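Novice: What follows is each chain in one-letter form.
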Amino acid sequence: KAGVTQTPRYLIKTRGQQVTLSCSPISGHRSVSWYQQTPGQGLQFLFEYFSETQRNKGNFPGRFSGRQFSNSRSEMNVSTLELGDSALYLCASSFGGKKNIQYFGAGTRLSVL
Amino acid sequence: EDQVTQSPEALRLQEGESSSLNCSYTVSGLRGLFWYRQDPGKGPEFLFTLYSAGEEKEKERLKATLTKKESFLHITAPKPEDSATYLCAVQPLSGAGSYQLTFGKGTKLSVIP
Chain A
1 KAGVTQTPRY LIKTRGQQVT LSCSPISGHR SVSWYQQTPG QGLQFLFEYF
51 SETQRNKGNF PGRFSGRQFS NSRSEMNVST LELGDSALYL CASSFGGKKN
101 IQYFGAGTRL SVL
Chain B
1 EDQVTQSPEA LRLQEGESSS LNCSYTVSGL RGLFWYRQDP GKGPEFLFTL
51 YSAGEEKEKE RLKATLTKKE SFLHITAPKP EDSATYLCAV QPLSGAGSYQ
101 LTFGKGTKLS VIP
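As they're listed, the protein sequences go chains A and B. Take 1 as the starting number for the first sequence in my numbering and just add one per residue. Take 1 as the starting number for the second sequence in my numbering and just add one per residue.
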């Protein structure tokens, strides 16, 4: 069974640009969550989608947005990139119930120059 | 606000030297506590989930325990391949954040041959 797939694995952008990251969940999983990981802050929750609806959102500016498609695949967009957005962006999928385990992808390493 | 504190930040062990990692948490009602392992350049890998105080789970050289305020990850006779960052996360019982995980900053374990 394939795991969570994130593309691309690495990205280099410059300040002011925008970026879109993609996540394909484990087959059958309907929930996708996004996290930002930095050395200083650790893993921080961005948002969670279930059946194309955002159920929960973390404390990030509006430049961070996401969406989920009918096949449960999800995308995350960051507009007007800042140097501080450099991080590992992780996607996790689960069946979506409250006791479900989240399984993570390998992440997308974003560097903003 | 949910909080998770892990200690120590880093731990060096000789191969075969058993020890424990600590995860202290504050949450308004705990639905689940999760342990993940993360290797450099990879996403977190699920290890255990614990749901109620007194619960214990084991996998190979690892054993996780849970009380009402903290969890321990006991590592018995570790091997160099156990070297990784171990992450603890909590999921609240209810409220807007009940589908998200709040992570600690992790314990970086190094096992020396």
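Wrong hints could be hidden among the right ones.
What the hints assert, rightly or not - Chain B regions said to be covered by chain A (calculated; three or more residues, Cβ under 8 Å):
(1) 43-50
(2) 81-87
(3) 98-108
Just so you know, these hints were derived from the structure itself, not from any lab. The structure presented is a predicted model; accordingly, all values stated were derived computationally and were not measured. Every residue gets a Cβ at the ideal spot worked out from N, C-alpha and C, and that includes glycine.
Novice: For each hint given before, does the structure comply? Return the numbers of the non-compliant ones in rising order.
Specialist: Violated hint: only 2; rest satisfied.
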